[in-house]
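Undergrad: Each chain is listed here by its residues.
2 protein chains.
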Amino acid sequence: MSVTAPLGFRAAGVNAGLKPNGARDVAAVINDGPSRSAAAVFTRNRVKAAPVLWSEQVAKGGQVRAIILNSGGANACTGAPGFQDTHTTAERAGAALDDSPGEVLVCSTGLIGERLAMPELLAGVDNAVAAAARDGGLDAADAIRTTDSVAKIAFRRSTAGSGYTVGAMAKGAGMLAPSLATMLSVVTTDAELTPEQCDRALRAATGRTFDRVDADGCLSTNDTVALMSSGASGTAPDEEEFTALLTEVCGDLARQLIADAEGASKSIAIEVVGAASEDDAVTAARAVARSALFKCAIYGQDPNWGRVLAAVGTTDATFQPDELNVAINGVWVCRRGALGDDRSKADLGAREVTVTVDLSAGSAAATVWTTDLTVEYVHENSAYSS
Amino acid sequence: MSVTAPLGFRAAGVNAGLKPNGARDVAAVINDGPSRSAAAVFTRNRVKAAPVLWSEQVAKGGQVRAIILNSGGANACTGAPGFQDTHTTAERAGAALDDSPGEVLVCSTGLIGERLAMPELLAGVDNAVAAAARDGGLDAADAIRTTDSVAKIAFRRSTAGSGYTVGAMAKGAGMLAPSLATMLSVVTTDAELTPEQCDRALRAATGRTFDRVDADGCLSTNDTVALMSSGASGTAPDEEEFTALLTEVCGDLARQLIADAEGASKSIAIEVVGAASEDDAVTAARAVARSALFKCAIYGQDPNWGRVLAAVGTTDATFQPDELNVAINGVWVCRRGALGDDRSKADLGAREVTVTVDLSAGSAAATVWTTDLTVEYVHENSAYSS
Numbered sequence: 010m011s012v013t014a015p016l017g018f019r020a021a022g023v024n025a026g027l028k029p030n031g032a033r034d035v036a037a038v039i040n041d042g043p044s045r046s047a048a049a050v051f052t053r054n055r056v057k058a059a060p061v062l063w064s065e066q067v068a069k070g071g072q073v074r075a076i077i078l079n080s081g082g083a084n085a086c087t088g089a090p091g092f093q094d095t096h097t098t099a100e101r102a103g104a105a106l107d108d109s110p111g112e113v114l115v116c117s118t119g120l121i122g123e124r125l126a127m128p129e130l131l132a133g134v135d136n137a138v139a140a141a142a143r144d145g146g147l148d149a150a151d152a153i154r155t156t157d158s159v160a161k162i163a164f165r166r167s168t169a170g171s172g173y174t175v176g177a178m179a180k181g182a183g184m185l186a187p188s189l190a191t192m193l194s195v196v197t198t199d200a201e202l203t204p205e206q207c208d209r210a211l212r213a214a215t216g217r218t219f220d221r222v223d224a225d226g227c228l229s230t231n232d233t234v235a236l237m238s239s240g241a242s243g244t245a246p247d248e249e250e251f252t253a254l255l256t257e258v259c260g261d262l263a264r265q266l267i268a269d270a271e272g273a274s275k276s277i278a279i280e281v282v283g284a285a286s287e288d289d290a291v292t293a294a295r296a297v298a299r300s301a302l303f304k305c306a307i308y309g310q311d312p313n314w315g316r317v318l319a320a321v322g323t324t325d326a327t328f329q330p331d332e333l334n335v336a337i338n339g340v341w342v343c344r345r346g347a348l349g350d351d352r353s354k355a356d357l358g359a360r361e362v363t364v365t366v367d368l369s370a371g372s373a374a375a376t377v378w379t380t381d382l383t384v385e386y387v388h389e390n391s392a393y394s395s
Numbered sequence: 010m011s012v013t014a015p016l017g018f019r020a021a022g023v024n025a026g027l028k029p030n031g032a033r034d035v036a037a038v039i040n041d042g043p044s045r046s047a048a049a050v051f052t053r054n055r056v057k058a059a060p061v062l063w064s065e066q067v068a069k070g071g072q073v074r075a076i077i078l079n080s081g082g083a084n085a086c087t088g089a090p091g092f093q094d095t096h097t098t099a100e101r102a103g104a105a106l107d108d109s110p111g112e113v114l115v116c117s118t119g120l121i122g123e124r125l126a127m128p129e130l131l132a133g134v135d136n137a138v139a140a141a142a143r144d145g146g147l148d149a150a151d152a153i154r155t156t157d158s159v160a161k162i163a164f165r166r167s168t169a170g171s172g173y174t175v176g177a178m179a180k181g182a183g184m185l186a187p188s189l190a191t192m193l194s195v196v197t198t199d200a201e202l203t204p205e206q207c208d209r210a211l212r213a214a215t216g217r218t219f220d221r222v223d224a225d226g227c228l229s230t231n232d233t234v235a236l237m238s239s240g241a242s243g244t245a246p247d248e249e250e251f252t253a254l255l256t257e258v259c260g261d262l263a264r265q266l267i268a269d270a271e272g273a274s275k276s277i278a279i280e281v282v283g284a285a286s287e288d289d290a291v292t293a294a295r296a297v298a299r300s301a302l303f304k305c306a307i308y309g310q311d312p313n314w315g316r317v318l319a320a321v322g323t324t325d326a327t328f329q330p331d332e333l334n335v336a337i338n339g340v341w342v343c344r345r346g347a348l349g350d351d352r353s354k355a356d357l358g359a360r361e362v363t364v365t366v367d368l369s370a371g372s373a374a375a376t377v378w379t380t381d382l383t384v385e386y387v388h389e390n391s392a393y394s395s
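Which chain is which? The protein sequence lines are G and Z, in order. Each residue of the first sequence is one higher than the one before, counting from 10 in this note's numbering. Each residue of the second sequence is one higher than the one before, counting from 10 in this note's numbering.
Keep in mind that the hints were calculated from the coordinates and are not lab data. Treat the hints loosely; a few may be bogus.
No copy is singled out in the list; a pair is fine if it fits within one copy or between any two copies.
[Said to hold, decoys possible] Straight-line Cα separation of at most 20 Å, SDA-like style, residue types lysine to any residue; simulated pairs:
| # | residue 1 | residue 2 |
| --- | --- | --- |
| 1 | K354 | E123 |
| 2 | K275 | V384 |
| 3 | K275 | H388 |
| 4 | K28 | Q206 |
Please read these numbers as outputs of a predicted model, since none were measured by experiment.
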């Protein structure tokens with residue numbers, strides 16, 4: 010189903026020859042309307058790939074006819090010629106669709122610092138646009154994989170009004186070698202929305218989902234999440250209800266990314282509760298998620314709460330050190346900043362691990378998802394480009 | 010030589026039975042004066058071990074008669090009983106020296122979340138104070154080792170006035186399993202200094218040395234660097250000259266820590282030049298030093314400049330992405346934010362690696378020292394406490 014679950018969308022994934030293994034590497038997602046309201050959010054890295062610089066400008070217009078995505082090359086750190094390559098890609102898609110290149114988003118993922126093979130890519134754009142069909146969602150999701158072991162897709166239905174659908178695909182996330190852990194996602198809906206509604210809903214949804222996946226703390230040069238709405242369902246949803254549904258879809262994809270993170274043996278939810286504010290909760294959770302020592306301990310199935318405290322202690326969140334409590338898989342191994350229940354009761358054998366930190370400073374909470382730091386992670390990220 | 014190189018100091022390192030392997034685990038460094046001006050800097054982690062909480066108060070007085078250090082237990086996250094243990098340790102040393110416990114610094118390193126074996130420790134304090142001698146510097150440096158493969162010592166002589174000496178010992182640093190990478194250092198001098206001079210000089214020296222060693226980004230609960238001056242040389246040095254000499258000693262030790270970091274195969278200097286300010290240079294260098302992807306690449310001897318740019322791009326330092334240049338071991342593999350010279354010329358075979366980042370935004374510079382992220386690091390930090 011993927012991005013073609015909602016009415017009004019066609020998609021395709023084709024093999025253009027960018028990947029050495031002959032797998033699909035170019036995807037197109039086309040919005041046939043009647044509306045083409047859209048929004049997108051991008052990496053906060055100041056070193057932005059050419060497709061991000063291009064797509065930021067397109068997204069400002071609030072109207073998107075199509076998205077072209079390629080794996081097999083990130084087109085990052087490629088200077089003015091790289092930007093021209095992105096521009097040419099959008100023009101080729103615009104020509105194939107007889108539409109404006111200024112309403113074509115472009116996303117790329119793969120190695121950085123190398124130019125794309127443009128003749129192959131442009132032929133792939135032609136083929137993808139020509140092949141785009143109502144049943145092409147899975148092929149598109151397949152074409153944006155790098156080392157993702159499975160395509161990531163999600164969809165949700167709402168019965169509001171005459172009903173509407175949200176569909177989505179994604180690839181990547183930290184720890185997904187190769188490249189810089191680029192995360193790309195395209196979300197489609199046949200709900201009737203204004204560009205402003207798309208923008209608000211997408212920022213709210215990604216802020217609580219993709220933004221809280223923190224596998225290795227590295228921000229990619231290419232991260233992009235785009236939302237396109239066709240209006241083809243005829244339903245203009247309540248914005249709050251739509252945002253909730255969109256957040257569900259994005260959260261579903263975010264968890265799929267963590268579950269498939271290569272080089273990881275654990276999916277770890279860092280829940281911070283008892284925080285003075287949601288920002289404090291996110292700050293504390295992120296500090297734990299970024300502690301190399303903590304992530305190694307979980308890999309070793311070691312319920313090392315001291316490393317959790319030490320990570321929280323680096324933040325400016327409101328708390329008193331002697332009021333911190335930590336549970337690992339439900340066992341409160343640290344109470345009031347010191348030794349708590351028997352740590353041997355905290356079984357870390359399963360892939361899913363939950364670490365709960367109680368700041369004892371309020372009632373706000375947040376969860377950040379991460380992975381462990383493993384020997385396999387080091388292997389995969391130490392040699393891929395050699 | 011170590012901490013007993015300067016006149017006026019005695020030291021010892023004894024085996025008190027805190028370490029299971031029977032190695033030395035309690036050290037004493039005693040200042041016999043005539044002066045006892047001192048200063049200390051501590052971890053910025055808000056979760057502070059009991060000895061840090063105690064020693065912060067002692068250091069405020071500016072007078073230190075002795076330092077007691079133990080390996081074999083960090084006495085961190087041990088609550089009020091742990092603080093009482095530190096207090097008792099200082100009282101025992103004070104009694105053995107017939108001096109004030111309020112002028113005894115205490116440092117601990119080892120596992121956190123566990124109480125110290127107090128009968129053994131207190132007997133060790135008695136023995137260390139009794140054994141302290143002018144030739145005990147090396148034994149003291151040996152006693153504070155955890156998994157350091159060698160004791161770290163340094164000293165420098167000045168010919169100013171009638172001459173004076175700075176001696177020092179250190180242990181630990183990020184990536185030194187076990188525990189939270191605690192870094193302890195004691196620096197002694199027979200120069201005549203006021204407590205205020207000690208404090209200013211120590212903060213300046215550590216700010217450019219120990220503070221710029223960033224092995225795994227994890228702040229310990231126990232980090233302590235103390236400076237004690239006996240005045241026994243009779244030389245009251247120029248403060249600027251003394252600070253420069255102290256900075257040399259601390260820099261020497263900092264590089265020894267990186268060179269001995271267990272689980273590391275590379276010692277990496279991240280030099281940022283062309284920065285608008287020294288703060289910008291440190292911020293950018295630290296971001297690179299903390300990038301797991303960059304550190305894995307260096308482990309794999311992969312001159313992956315894209316990961317350097319992506320790390321710099323996460324900072325708020327002043328720069329334009331298309332004006333960044335990166336050299337790896339002197340080869341400018343990235344020029345103006347894009348592909349530069351042939352990366353195959355950047356030989357990463359040796360342990361020492363230098364990464365130079367030119368922000369093209371000014372004339373300030375700074376260097377941060379780090380290590381690579383290795384399979385051995387993950388091994389050592391995933392299983393030690395199980």
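Undergrad: For each hint, tell me whether it holds in the structure or not.
TA: Taking the hints in turn, this is what the structure says about them:
no.	hint	result
1	K354 / E123	between (50 Å within a copy, 17 Å between copies)
2	K275 / V384	both (13 Å within a copy, 17 Å between copies)
3	K275 / H388	both (17 Å within a copy, 16 Å between copies)
4	K28 / Q206	neither (37 Å within a copy, 63 Å between copies)
Against the hints set out earlier in the document, a violation occurs for number 4 only.
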